[in-house]
Structures are given as C-alpha cells and as structure tokens.
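6 protein chains.
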Amino acid sequence: MVYLTRVEHFNAAHRLFNPAWSEDRNREVFGKCANENWHGHNYELHITIKGTPDPETGFIFNAKKLGDIVKDELVEHVDHKNLNLDVPFMAGKFTSAENFAIGIWNELQPHFIEHGVTLHCVKLYETPRIYVEYFG
Amino acid sequence: MVYLTRVEHFNAAHRLFNPAWSEDRNREVFGKCANENWHGHNYELHITIKGTPDPETGFIFNAKKLGDIVKDELVEHVDHKNLNLDVPFMAGKFTSAENFAIGIWNELQPHFIEHGVTLHCVKLYETPRIYVEYFG
Amino acid sequence: MVYLTRVEHFNAAHRLFNPAWSEDRNREVFGKCANENWHGHNYELHITIKGTPDPETGFIFNAKKLGDIVKDELVEHVDHKNLNLDVPFMAGKFTSAENFAIGIWNELQPHFIEHGVTLHCVKLYETPRIYVEYFG
Amino acid sequence: MVYLTRVEHFNAAHRLFNPAWSEDRNREVFGKCANENWHGHNYELHITIKGTPDPETGFIFNAKKLGDIVKDELVEHVDHKNLNLDVPFMAGKFTSAENFAIGIWNELQPHFIEHGVTLHCVKLYETPRIYVEYFG
Amino acid sequence: MVYLTRVEHFNAAHRLFNPAWSEDRNREVFGKCANENWHGHNYELHITIKGTPDPETGFIFNAKKLGDIVKDELVEHVDHKNLNLDVPFMAGKFTSAENFAIGIWNELQPHFIEHGVTLHCVKLYETPRIYVEYFG
Amino acid sequence: MVYLTRVEHFNAAHRLFNPAWSEDRNREVFGKCANENWHGHNYELHITIKGTPDPETGFIFNAKKLGDIVKDELVEHVDHKNLNLDVPFMAGKFTSAENFAIGIWNELQPHFIEHGVTLHCVKLYETPRIYVEYFG
Numbered sequence: 001m002v003y004l005t006r007v008e009h010f011n012a013a014h015r016l017f018n019p020a021w022s023e024d025r026n027r028e029v030f031g032k033c034a035n036e037n038w039h040g041h042n043y044e045l046h047i048t049i050k051g052t053p054d055p056e057t058g059f060i061f062n063a064k065k066l067g068d069i070v071k072d073e074l075v076e077h078v079d080h081k082n083l084n085l086d087v088p089f090m091a092g093k094f095t096s097a098e099n100f101a102i103g104i105w106n107e108l109q110p111h112f113i114e115h116g117v118t119l120h121c122v123k124l125y126e127t128p129r130i131y132v133e134y135f136g
Numbered sequence: 137m138v139y140l141t142r143v144e145h146f147n148a149a150h151r152l153f154n155p156a157w158s159e160d161r162n163r164e165v166f167g168k169c170a171n172e173n174w175h176g177h178n179y180e181l182h183i184t185i186k187g188t189p190d191p192e193t194g195f196i197f198n199a200k201k202l203g204d205i206v207k208d209e210l211v212e213h214v215d216h217k218n219l220n221l222d223v224p225f226m227a228g229k230f231t232s233a234e235n236f237a238i239g240i241w242n243e244l245q246p247h248f249i250e251h252g253v254t255l256h257c258v259k260l261y262e263t264p265r266i267y268v269e270y271f272g
Numbered sequence: 273m274v275y276l277t278r279v280e281h282f283n284a285a286h287r288l289f290n291p292a293w294s295e296d297r298n299r300e301v302f303g304k305c306a307n308e309n310w311h312g313h314n315y316e317l318h319i320t321i322k323g324t325p326d327p328e329t330g331f332i333f334n335a336k337k338l339g340d341i342v343k344d345e346l347v348e349h350v351d352h353k354n355l356n357l358d359v360p361f362m363a364g365k366f367t368s369a370e371n372f373a374i375g376i377w378n379e380l381q382p383h384f385i386e387h388g389v390t391l392h393c394v395k396l397y398e399t400p401r402i403y404v405e406y407f408g
Numbered sequence: 409m410v411y412l413t414r415v416e417h418f419n420a421a422h423r424l425f426n427p428a429w430s431e432d433r434n435r436e437v438f439g440k441c442a443n444e445n446w447h448g449h450n451y452e453l454h455i456t457i458k459g460t461p462d463p464e465t466g467f468i469f470n471a472k473k474l475g476d477i478v479k480d481e482l483v484e485h486v487d488h489k490n491l492n493l494d495v496p497f498m499a500g501k502f503t504s505a506e507n508f509a510i511g512i513w514n515e516l517q518p519h520f521i522e523h524g525v526t527l528h529c530v531k532l533y534e535t536p537r538i539y540v541e542y543f544g
Numbered sequence: 545m546v547y548l549t550r551v552e553h554f555n556a557a558h559r560l561f562n563p564a565w566s567e568d569r570n571r572e573v574f575g576k577c578a579n580e581n582w583h584g585h586n587y588e589l590h591i592t593i594k595g596t597p598d599p600e601t602g603f604i605f606n607a608k609k610l611g612d613i614v615k616d617e618l619v620e621h622v623d624h625k626n627l628n629l630d631v632p633f634m635a636g637k638f639t640s641a642e643n644f645a646i647g648i649w650n651e652l653q654p655h656f657i658e659h660g661v662t663l664h665c666v667k668l669y670e671t672p673r674i675y676v677e678y679f680g
Numbered sequence: 681m682v683y684l685t686r687v688e689h690f691n692a693a694h695r696l697f698n699p700a701w702s703e704d705r706n707r708e709v710f711g712k713c714a715n716e717n718w719h720g721h722n723y724e725l726h727i728t729i730k731g732t733p734d735p736e737t738g739f740i741f742n743a744k745k746l747g748d749i750v751k752d753e754l755v756e757h758v759d760h761k762n763l764n765l766d767v768p769f770m771a772g773k774f775t776s777a778e779n780f781a782i783g784i785w786n787e788l789q790p791h792f793i794e795h796g797v798t799l800h801c802v803k804l805y806e807t808p809r810i811y812v813e814y815f816g
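These protein sequences, in sequence, are chains A, B, C, D, E and F. Going by the numbering used here, the first residue of the first sequence is number 1, and it counts up by one from there. Going by the numbering used here, the first residue of the second sequence is number 137, and it counts up by one from there. Going by the numbering used here, the first residue of the third sequence is number 273, and it counts up by one from there. Going by the numbering used here, the first residue of the fourth sequence is number 409, and it counts up by one from there. Going by the numbering used here, the first residue of the fifth sequence is number 545, and it counts up by one from there. Going by the numbering used here, the first residue of the sixth sequence is number 681, and it counts up by one from there.
Since the hints were derived computationally from the structure, they do not count as laboratory data. Since the structure is predicted, the reported quantities are computational estimates derived from the model, not experimental observations. What you were told as hints is all true, and nothing was included just to trick you.
Among the chain A residues that face chain D by a calculated CB cut under 7 Å, a handful are: (1) 5; (2) 7; (3) 53; (4) 58; (5) 60; (6) 63; (7) 64.
Don't be surprised by glycine CBs; every beta carbon is placed ideally from N, CA and C.
Chain A on its own, in the form it takes in the complex (with noise of 0.2 Å):
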C-alpha cells in the first residue's frame, strides 16, 4: 500500500457566527473570526489517496488526473468565493476547518469512487499555524 498525495491552493472569504446566538455571544466565542464584514484565508489542501502501483504505469493514480479531479470538481467551487455565501455544500453549516474538510471530503468521495480510487485523507491549512486533518 503506497499513499499518494496532491497538494492544491484556493483564496476564500468566511465567517465564523452562530445565528441563533447574539453578537456578543458570537464575539466572545469567535472573536475576530465572528467579524460581520468576514475575512479570509490562502487554503492549502493535500489530498492523499491510497493502493498499489499499477504494473503498467508505476501509479497508484495519475497524479495529473488526481490534480484534475481536485481543481475541477472541488478548487473551481471555492475559489476566490465566500465560503458562508456561495458554497452549497458548506449552506447552513459552521464554516470552520474541521467542517470544511469534512465538507471536501464528501464533495470528492463519489468522484474519487466513479475513479476507483480510494481517498484517504483530506488535510487542510486555514493558515500556517492551523491545520485539520479527517479520514472518513
């Protein structure tokens, strides 16, 4: 078993606030992040899949492919976009990087499943100093 992985870049806007709390309760548990004007990060995804090299190729999967994949079906929807406002999959929900990536793993799963290939992690950087991690 050899684990492969890809790493992809996408600029988003977010917010961190509970509706149902007030915003003094929103800014005593968010702080900054509850900020109503939002605020942004530079996310940086590593994606890692798993199996064994293909006899034919040396590939557990085309990485360029697995690139491919990532940036069509997940990047181009994130992208330079407001996480709380024009992400579908993210509607309704926290937009905190645990959520997130819990978020990207089951926007990439069926792609990755019609592939055959076999998702392992999604990791996420909010910023260099936090990151998430979630295997399934």
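Following the hints, put chains B, C, D, E and F in place on chain A, whose structure we already have.
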C-alpha cells in the same frame, strides 16, 4: 548600515472591482477577484528598517518593540477585517496588493518617525506566489 | 473524528551529555551537541488534538483557546530558556528531542484532560531536518 | 514509542514511459513526464524510524548516525543521477514516486535491521505539491 | 514605484560540462553535476516587474496576465525539458543557474516590452539552497 | 552582473545583555533574551556574491566551492557553539543579529578576496520572523 526585518501575519477579506465599471468589465479585468461576496488571504508582511547598531545594545532598533509597533499600529486594524469595508486607510481605494503596501507604508511611517526609526521597505505577500515591495 | 493541529514556536538552549560518562565518551556519542557552553534551536511544536465538531460551533475545540493553553502551560516555561537548567520537567533527563516531546506531552496532558480535550500527537521540530512525534 | 524523522535532499533526472507502448500512448498517459530527453527534480526524503529512548542517551537512535546511513546507503547512489539509467535498484522499473519510495525502503531496510533500527515510513516529495508515503 | 513579483515552478534536467575539456577536468570542476546521464531540479522562478499603480485598477500590471506571459513564453518551453538538448535559447551555452537566469531575462524581455511592462529582476532557485538574481 | 546566493544553517546558543547594566535594566531592554542561562537559535545564513559568468564554466564562482568556504571559514566556528563564549570574533560584542551579521561579513571577506570573489550581502535569519541584511 544594517537592515532589520520583522515578519507579521494577518488574515483579511477583500474584493477587486471598479465601481465606475460594469459587472462585465470588472469580471474581464479582475476575474475571480471581483466576486461580489468577497474572497480573502493570509497576508504575510515583512517590515524592513535600516540603521547602525546602537553601541549599548547591538540593535539598530529593538526587534520586539518593532513587532509591537507593527502589531499595534497596523495588524490590529487589518487582521480579520474586510479591507474594502473595515479599514479606513483603504477607503475608496482599490485594495490591490500594490495599493495596500503603499497604504501600510503611509500608516506606519509616522510611528517610525516618532521612534527615530528609518523605514526601508514594506514587502507584502498576498499569496505564496504573489508579493509586492514598496520603498517609499 | 477530526484532528486539529496548532503550531507554536520557541527558542531554547540545551546540551546533550551523560554526566556518568567521560568528556571523550560524550564527544564520541553526542558530537558537537555535547558542547559544554550549550547550543540552541528554534523549536517548532505541532500539538494535535482529536474529536468531533461541536454542533453549536463547528469546532472540535476552539483553536484560539488551544493556542492559549499551549502558550500558557508550555511555551511560557520553555521559551528563551535552557532546557537542562531552567525547565523543571526536564530536570535530570537527557534533553533529546525524543525526551523533550514526551515531557511536553506529560506537561500538557493534565490541562487538556481538564478541558475535555483528547491529545493525539506532539510533533516537535528540533531543526527543519530533524523532528520527532509522540502519541502517548 | 517515539518516531524520529531525518530529512535529506538530492537531485536526479528521470523519465516516465512504458517501453511496451507506442510514443503516442506514452504521451497520452505520462504527458510531459515522457519527454525522451528526461526531466528532473529536487527530491526531499523523510526517513522515519520508531523505538523507545535509550536510557543512556535519550535517543531512539543517534540522528547523526541515521543521517549518515541514509546518505551513505542511499543518497550517494541517487544524487545527481538518472534514476532510469544510473540506479541499479530502479533498473527495469517505472521511476514513479510510488515505485521509487518502495525501492528506497528496500534499499535502506537491510542497513537499518543491521543497526537494530525499526524503519517506519519513507516519505518522498517529488515536487512541493506531490509526495508519496510507504510504510513497508 | 512598486515592485510586483510572481512565482512560477518547473522541472527540468540538465548537465554541466565543457565539451572542450576532458572527462576528468569536467569531473574536477563540475563534480557530480557533470554526470553524462543528466540530473535535474525543481526550479522556482520569481519574476519581478516595477511601475506605478494604474489609477483605474490599482495594479502596476495584472498579476494573472503576468503569470500567463511567464507561463506561455517561458515555462511552456522549459518545463519537463532537458535544458541542454530541448531549449533553443540555451543551445551551446553552459546551463548554469547564472546563464539560465540571463537566458530567461532575454526570452521574457521582448514580451514585457510589448506589454509596456518594466522587468526588474529574474530570481531563480536551482535548489532551496542555491539561487541567482539578474537585473539585466 | 549576476548575484549568486548559497544558504547554510547552524545552531548556536547566545544571550543578550549589557554587563555595564543592572539585571533589571537588562531585563527591561532585552526581555527574555537576557536569560542568564542562555537560549538559542537555528540560524539560516544566505551568502550572496556578485560577478559575471566565467565563459569556461558559466559560473560567477563555483557554488560548491562557495559552500565549502562558508562552511570551513564560518560554520565550523559557530555551529553548536555559544556565540558569547566560544566565538572569538564576537568576543566582547553584543551578540545581536545585527552585530553577528557584521562579524560574519568581516570573517568571510578576507577569504573571498583571496579567491577573487566579491561579497555582496550577508543575510541572517535568527528566527523565521526576524532577519538582518548587511552589505558591507
């Protein structure tokens, strides 16, 4: 003459668009950066000052104090903000990396003059692959 | 289950030597790391916790609070210190990266338990080319 | 159990192609990587071993000695080489990152066994955006 | 005056040798870089231009367009190539980082002039530890 | 004119304090950097030289030889040392990054002159967020 640089980070949302132009013209020139619901970045800021080492400390200026000035006078006012809506010194300006670097220089310069510090360069990374430098 | 990592930095001096050994034996085993006048590092610390997102916040734990715990309970006690002389939890131990990571786990664990947080991994870079991981 | 990783670098040329296929089929599957005149990479190699700290040193294994083994037994044989032409352990294999990581594991494993070291993972960056991991 | 830099990447093979010299003399001067079967690098290219922000956009030049020019006029012609065999503008030259940076400047300059862009610097990383800069 | 930079690393301990001052005054000015038991850093050193490519090699100077000079004449004398106690060229000086960069320039300059090399810049990272540059 020695040059001393301090690196700081902040996260902000912004949008590139010219209100005098049509939606189409904005899309054509600014592409995805014109998204009306904003996008954002992890900005990395390098502030470079120059001078000769003080014979009593070996410092051209105390690096901790330099960081405090940059944090108090700049980062506090832009971190987790919307550059177009929340930042007075960018009001009515295009929030390009170029203009933002010039704005940062103008904001910090009076504070450095007050402390007898000679500002040399504002270097601003908008993404790991796009950065600007301004020398006043 | 989602894993959340927070990265912190600190600078410290240390020395690797076995007081039961001769100077020569120390030099032979620890090389330049045995220098009696110490050397030092910019340590980079990755603290990974795991859990499921809270339905009211989307967080497995507030990343800012996580950073505050790590800073208050660990970084304050090791930053700009001598690991052999100034850090009680390393007293009488070899200050190898391995032992230091175990020590950090043991220091932080009670605070995480108190906050209901499940610590998953302490990853410690001694240099950009040498790092250790400890999972308890 | 503690995990210790040492990072090494080397530069090499290679080409991805299947000699049983036509030029067209190779171009279709391997794209630019099939260029008959080769291309190359700055490979970054992370070798992770695991064990418990020795009570006389605090080390699971001497990191300098670990680096020396990796350099002597592997880096010397692949650095500034052509992976397809100059590296015996890759002879007749596709020089994909996947196969190369497996080959590196197999090359290093006997040397680690000889030193009583337990190899845990070979992580190999082909580019900053594509990496593979192999756990044996 | 503001300076804007765009970073691009490509992978290439090359070899350093002087055909007028013996094999021994080549080995003596160029060391492992003279390997007759080539080696290669992940090159990182920083293209810096300078100018004043356009009052209608805030840009000194559109960073996306800048990236497109660099990709179309340069990266397409060197990525996954052999610098000695496949790149016309390096034909008959030593493919040192120094000469390659000068060649890149000369290739890009006419395209920048055509777009009214002032090229300031070509910075080229051959490895993370060796880079060159050329200012024309 | 082309500029060539070689990057080297070393680890050292140091302390910032003025022996003419009280403990309190030292704490006030140097903060945690005054710790009497030392602290330390992973220093990253960029040595930049300038010249025109030699028509017989394409080099302004052999990058391997450049690295050897920096390692033999500087890194060997500061790596795993205490800058205040073990490094003759810093004796009696404040071991600020500024003074250390000037000291490095003065140490290396005679060796570069001897090899006909023109030193352009000493850039020294004390941490990833603080660096100095000295141009002689």
